[in-house]
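Chains A and B are the protein sequences, given in the same order.
All residue numbers for the first sequence refer to numbering that gives the first Met the number 0, where the first residue is 0 and numbers rise by one.
All residue numbers for the second sequence refer to numbering that gives the first Met the number 0, where the first residue is 0 and numbers rise by one.
Simulated from the structure, these hints should not be mistaken for lab results.
Where a beta carbon is used, it is the ideal one built from N, C-alpha and C, also for glycine.
Check before you lean on any hint, since a few could be wrong.
Reference listing, derived: stretches of chain A covered by chain B, where coverage requires no fewer than 3 residues with Cβ under 8 Å from a Cβ of chain B [stated by the list, open to error]:
| # | stretch |
| --- | --- |
| 1 | 25-39 |
| 2 | 58-65 |
| 3 | 130-141 |
| 4 | 172-179 |
Listed next, the stretches of chain A that the computed footprint assigns to chain B, with coverage defined by at least 3 CB atoms under 8 Å from CB atoms of chain B [what the hints assert, rightly or not]:
| # | stretch |
| --- | --- |
| 5 | 49-55 |
| 6 | 68-80 |
| 7 | 83-93 |
| 8 | 96-107 |
| 9 | 149-162 |
| 10 | 183-196 |
Next come the chains, spelled out residue by residue.
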Amino acid sequence: MTVRCLIAAVLLFAAPVRAQGVDVADRHFDEGNRLFREGDFEAAVEQYRMAIEAGYGSGSLYYNMGNAYFRMDELGQSIRYYEKAARWLPARTDVAHNLSLARGQISDSFSRVPPPIWRTALERIGQVWSPAALFTVGLLLYLGAAGALAMWIRRGRSAWLRRAAYGLGLPGVCFILLGLTASYDRVHTVRAVMLENRTTLLDRPNGGRTDVQVHEGTVVKVVTQRAAWSEVQLPNGTTGWVLAGTYGTI
Amino acid sequence: MIDVRLAIFGMLAFVLTVPALAQDVAVRGSVSETTIGTQESVVFSVEIEGASLSDVRTPSPPDVSGLVLVQRTPSTHRSMTIINGRLQQSVSFRWTYRPQEAGPARIKAASVAVGDRTYSTEPISITVVDQSQRPNGRNARPQWPSAGSSTQESPDNAVERARDLFIRAVASTLEARLNEQVTIEYQLFFRDGVQLRQSRLAGSWDAEGFWREEFNVDSRPVPETRVENGIVYHMIVLKRVAVFPTRSGDLTIDPLEIETEAYVPSGASDAFDRFFSMRGRFESVSLSSPPVHLRVRPLPDNAPGSFSGAVGTYAVEAGIDESDVEVGEPVQLEVVVRGAGNLATLDAPRFQPPAIFERYDPGIETSIDRDGRRIRGSKTFRYVLVPRSNGTYELPPVTLTYFDPESGRYETSEAALPALRVTGSASPLAAGTTSGGLPIDDIAPIHAGAASWHAVDAPPLHRRAWPYAALALPIGLLLFLYAARRRESALTDDPRRARSRMAHPLAGKHLRSAQEHLADGRSRAFYKEIERAVTGFIGNRLHVAATGLTRNQIDALLVSVGVGRDDRTVLRNLLDECDRVRFAPLVPERETMEHAGERAAAVILAVDEAVKARRSEPASV
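All chains should be modelled from the sequences, with the hints used to inform the complete structure.
Structural data, given as structure tokens:
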């Protein structure tokens, strides 16, 4: 009885807190959209930022931020937020369209080191499915397989039930593993967008300049972070050190 | 282009060897040479231009040091020239001096009275060297190499030629900011009697690290008269160019080189004679200006965010051709930037119309004024704006931030725009969109609907507990189901064990039911449940049919499992009491019934312990 009361109290307390935070985010989102339509893109970005500071984000919010930065000719930031939006809205054609348009304005054109097959497959799947979606589909299949197995245990050994358990369980486990792997990969593979017009890579933190320069909007991989310096890897595999403030993580 | 201009210069120099045009009275003192040998002489001239000849009084020779005046009375030369329809008169007085000895000499200022005013010339320094250091046959005259010696020119001749004819590069400044205009003027200096023809640019003039804009220079120049180190020269401008540094650091502008055919009369004693001398020949010569070295500093660091590299002085004007339009009807926005600076590379001023406007790339028109000494003009940006929604819109101002080198500050020029009223209703876009309705050359519009929010600080999926709980729960349930199934199977296959496991629950159930009957005062039902609890427990525990057992059969069974006599007696008495109450009109006391319940529980415990003790005996043996 006491436990039930405690759970009820937590639910009663937590639900309004979340609703209040979402309301604040909604309000800033709508205000940002209004300012965007009036052409005040800087103020619109500020409102979108306040929505994030309220503790909530969304694919549409990131997408609109990307549009505002694009209108402000801040190519790096626009690509950064389009990439963020693409994570949450992988199937939206307008997100892909705007990201493609912004990428077309990048002055860098690095050759791309062929990634491993598994990574290519994971990236392609990730362009359509989010980790949560992959896991959810896998979980539903897994529960279906578990139900079939339960009936098989309770009602006797039916070949049909056994086939159903295998047929649902194997793809379910695959989806679940994909979802968890994609989630792990997103956390441990830090991608970033260069924000400065031109950044020269250094051979070590605070070291000598290399002859490699990278321009605004180029997506790099952050390999190592050490105090104010980060080692980044360009799409062609070249690595070098830059100041952490010269890029924005996706 | 420059070849043509220089050729024209050459032809002009062929016929024009006249003094410079002057508007007011000008008095110049000059010498024929500033370096002479001990056996040579030097001619000092005072020339008065722009004054009526009758107003000029013959001046006295100036004081000198290290020199000796040959003749006190000067030779006088008068000339009248009509230039551009205006009459110019000039008169010059000349004295000849000889050096006393090798070393420095000096001609001090000469005073000339013109009307009621007195003018003075500048002092001139002369260097007297030993005659052996002078070119052979030289006698205080500028001398040109003799015919046929152009390819084997002696160093002395080269020195003399450089003194008679040279190009000077004059920069407006030698230290500039990035993208700040620096004007370089190339001036050709030549002395009296020097004639040029067939002039052309030699080599390629370049200014690496600079954006260049050429100024217009007069194609029929009138030479200016200049006195350089006491020697009179004529000067024309060959080329004037504005350079804008595109990077900082120490930069160099190449020399300007020309090849020409030059003629300098030899042996003549003065300019008049030199002009009409027929003793010289045209010789091919190359002339070169010195390179220009500039130090370029970067722009200050405190540039505003709107700064895009413009350097100079600018003003922005802007306007729209319509203030009331229909949806979809184009509006032309004209932005004009006027001022001085590098207009060719000037970026469009900052302008961000409201998002409902489609903005097309502007048409750009640049007009540059190349006269004077600063590149100035205007650059016009014509945008086409197409409103896609109705309403009244405040267009943001057009702003241009630039760095003003004169003030050393970043300045912003701003042009306000009027409000634009858009009427009508929006029609679907047919052209300029993809099959999916997305604009071809522009970004798709913002998302306006309700956002699907997620907590930004939420842990990623693989670090949350619920996915693993969701995976573990079905496994747990399946294990439980499997275990239950196994248990059911085991009980079905072993009735003795099943009954034994059911003995306690059933006995407990009957005893609880008996307690309820006790509470309700139903004695017969109470004793019936007591009897069923006891006999049922014994039957289940010992795996015999409880129904129909006699007292003796029960006693024998209990003996077989080792139940003690006292417990068996208690059981027998209890069962007898049950029979009495159930089948006789007897209502027992409540305490008696409670006692019967306690005895039943005690008997059940005693039987259970005895059975357990019997079952454990083989294991302990």
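Hints and how they fare:
no.	hint	in the structure
1	25-39	holds (count 8)
2	58-65	holds (count 5)
3	130-141	holds (count 5)
4	172-179	holds (count 3)
5	49-55	holds (count 3)
6	68-80	holds (count 3)
7	83-93	holds (count 3)
8	96-107	holds (count 4)
9	149-162	holds (count 3)
10	183-196	holds (count 3)
The structure fails none of the hints (numbered hints given earlier).
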